[in-house]
Amino acid sequence: MYIEPNPLLPAGPRPTLVEPALESLLNRSMLQVQVIAELHRCGSWYEDEPRYECGLFHLVGSGHCRVECDELNSTTDLEPGDLVIFPHGTPHRLLDGTGGDTIQTSLICGEFHFVGSGQHPLSLALPACMIIHASRASAPFRQLAATMAEVVHADFVGRHVLLNKLADALFTLAICDYSRQTVERQGLFASLADPRIARVLQAVHDHPGKAWTMQSMAALACMSRSAFAERFTQLMKVPPIQYVTQWRVTLAEQWLRDRQQSVAGIAQQLGYSSEAAFRRLFKRVSGLCPGRVRGEGPRQVALN
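The opening position of the sequence shown corresponds to residue 5 in the working numbering, with each subsequent residue numbered one higher.
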């Protein structure tokens, strides 16, 4: 994307807002975000959430509350604009943070899914619980969270549709802010800190149909084959060629459910010389036949 310099901003180089490898992944990921509840609590209250088969999030619109779960070292206080995300549906508890006072706390709660039956790269990289505090988040994040809180109290046609779209954008910003702030990087986020591996990831995400080999990826990273393979596997927890295959299958499943391309067309776009070879590989990796995925059509599949 080409962006002309904004004459209203100070001259000089602009900071990188998001790593290109992460941006390329988010641009090609079919993420479904849905607001499922708007809660208004006051006094002494708590909400026990069991384990879910999808990702969950809670945005504090007004008031204060606390969140507890086994993955957090202690109870964490949440203020207006704070967002807590449980990427793997971890059990948790929300409770009042005002000592039983009559201050009303509003929560916007939702769930999210990545389309695809295989593990999405983000599923390996995101922790069990992540909290984005508005006080330390980017200005766009704070503005978007405030807009969602305003929409909750509005009354107009299409309000819920708008909330879902805003939640989708907020989740994307949360991932970008988490990538920028976290010090405990793993998987994809650890790879983003290595410019050589990140360069390869971006290229694979943007050009999944290229005839990728260990040699071509190592050359792009300016590393020897053995050093590249060891470093990539150490960071991403899968060998390079296996990652390419998993990414292709993830994209293929999205395109099959979208039903805009033939199976042969998808196979060709992903770099497979024959439809039969693609069908065999797709079934081996996903456990499903391409025809069955196409027959199911669009659906929500939990991030696992």
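The set of hints was computed from the structure by calculation and includes no laboratory data.
If you're wondering where the values come from, they're calculated on a predicted model, not measured in any experiment.
Please note: incorrect hints may appear among the correct ones.
Across the chosen pairs, the derived CB separations fall in these ranges [said to hold, decoys possible]:
1. 210 - 186: 20 to 30 angstroms
2. 99 - 220: 51 to 61 angstroms
3. 218 - 143: 36 to 46 angstroms
4. 210 - 48: 27 to 37 angstroms
5. 166 - 52: 26 to 36 angstroms
6. 166 - 66: 46 to 56 angstroms
7. 278 - 43: 26 to 36 angstroms
8. 219 - 150: 24 to 34 angstroms
9. 230 - 70: 42 to 52 angstroms
10. 231 - 30: 25 to 35 angstroms
No farther apart than 30 angstroms at their CA atoms in a straight line, the calculated lysine-lysine pairs in the BS3-like style are these [as the list claims (entries may be wrong)]:
11. 287 - 241
12. 241 - 214
13. 214 - 287
The beta-carbon is built from N, C-alpha and C at its ideal position, and this holds for glycine as well.
Note whether the CB distance of residue 231 and residue 30 lies within 25 to 35 angstroms or breaks it.
Cβ of residue 231 to Cβ of residue 30: about 28 angstroms, so the range 25 to 35 angstroms holds.
For the range 24 to 34 angstroms, tell me whether the beta carbons of residue 219 and residue 150 fit it or not.
violated (50 angstroms)
Residue 166 paired with residue 66, Cβ distance criterion 46 to 56 angstroms:
violated (19 angstroms)
Distance restraint evaluation - residue 99, residue 220, Cβ atoms, bounds 51 to 61 angstroms:
Because 53 angstroms falls inside the window, the suggested range holds.
Do the Cβ positions of residue 210 and residue 48 conform to the proposed distance bound of 27 to 37 angstroms?
violated (52 angstroms)
Go ahead and decide if the range 36 to 46 angstroms is satisfied by the Cβ distance of residue 218 to residue 143.
Once the Cβ atoms are compared, 42 angstroms apart, the range 36 to 46 angstroms for residue 143 and residue 218 holds.
Restraint status (C-alpha distance of residue 241 to residue 214 at most 30 angstroms):
OK: residue 241 and residue 214 at ~22 angstroms, within 30 angstroms.
Quick check on a hinted range of 26 to 36 angstroms for residue 278 and residue 43, using CB atoms only.
violated (53 angstroms)
What's the verdict on residue 214 and residue 287, does the C-alpha distance respect the 30 angstroms limit or exceed it?
holds (21 angstroms)
That 26 to 36 angstroms hint for residue 166 and residue 52 (C-beta), does it hold up?
The hint (26 to 36 angstroms, Cβ to Cβ) holds, given that residue 166 and residue 52 are roughly 30 angstroms apart.
Are the Cα positions of residue 287 and residue 241 separated by 30 angstroms at most?
Holds, at about 22 angstroms.
42 to 52 angstroms was suggested as the range; check whether the CB atoms of residue 230 and residue 70 agree with it.
holds (49 angstroms)
Violated hints, listed in ascending order, are 4, 6, 7, 8; each of the other numbered hints is respected by the structure.
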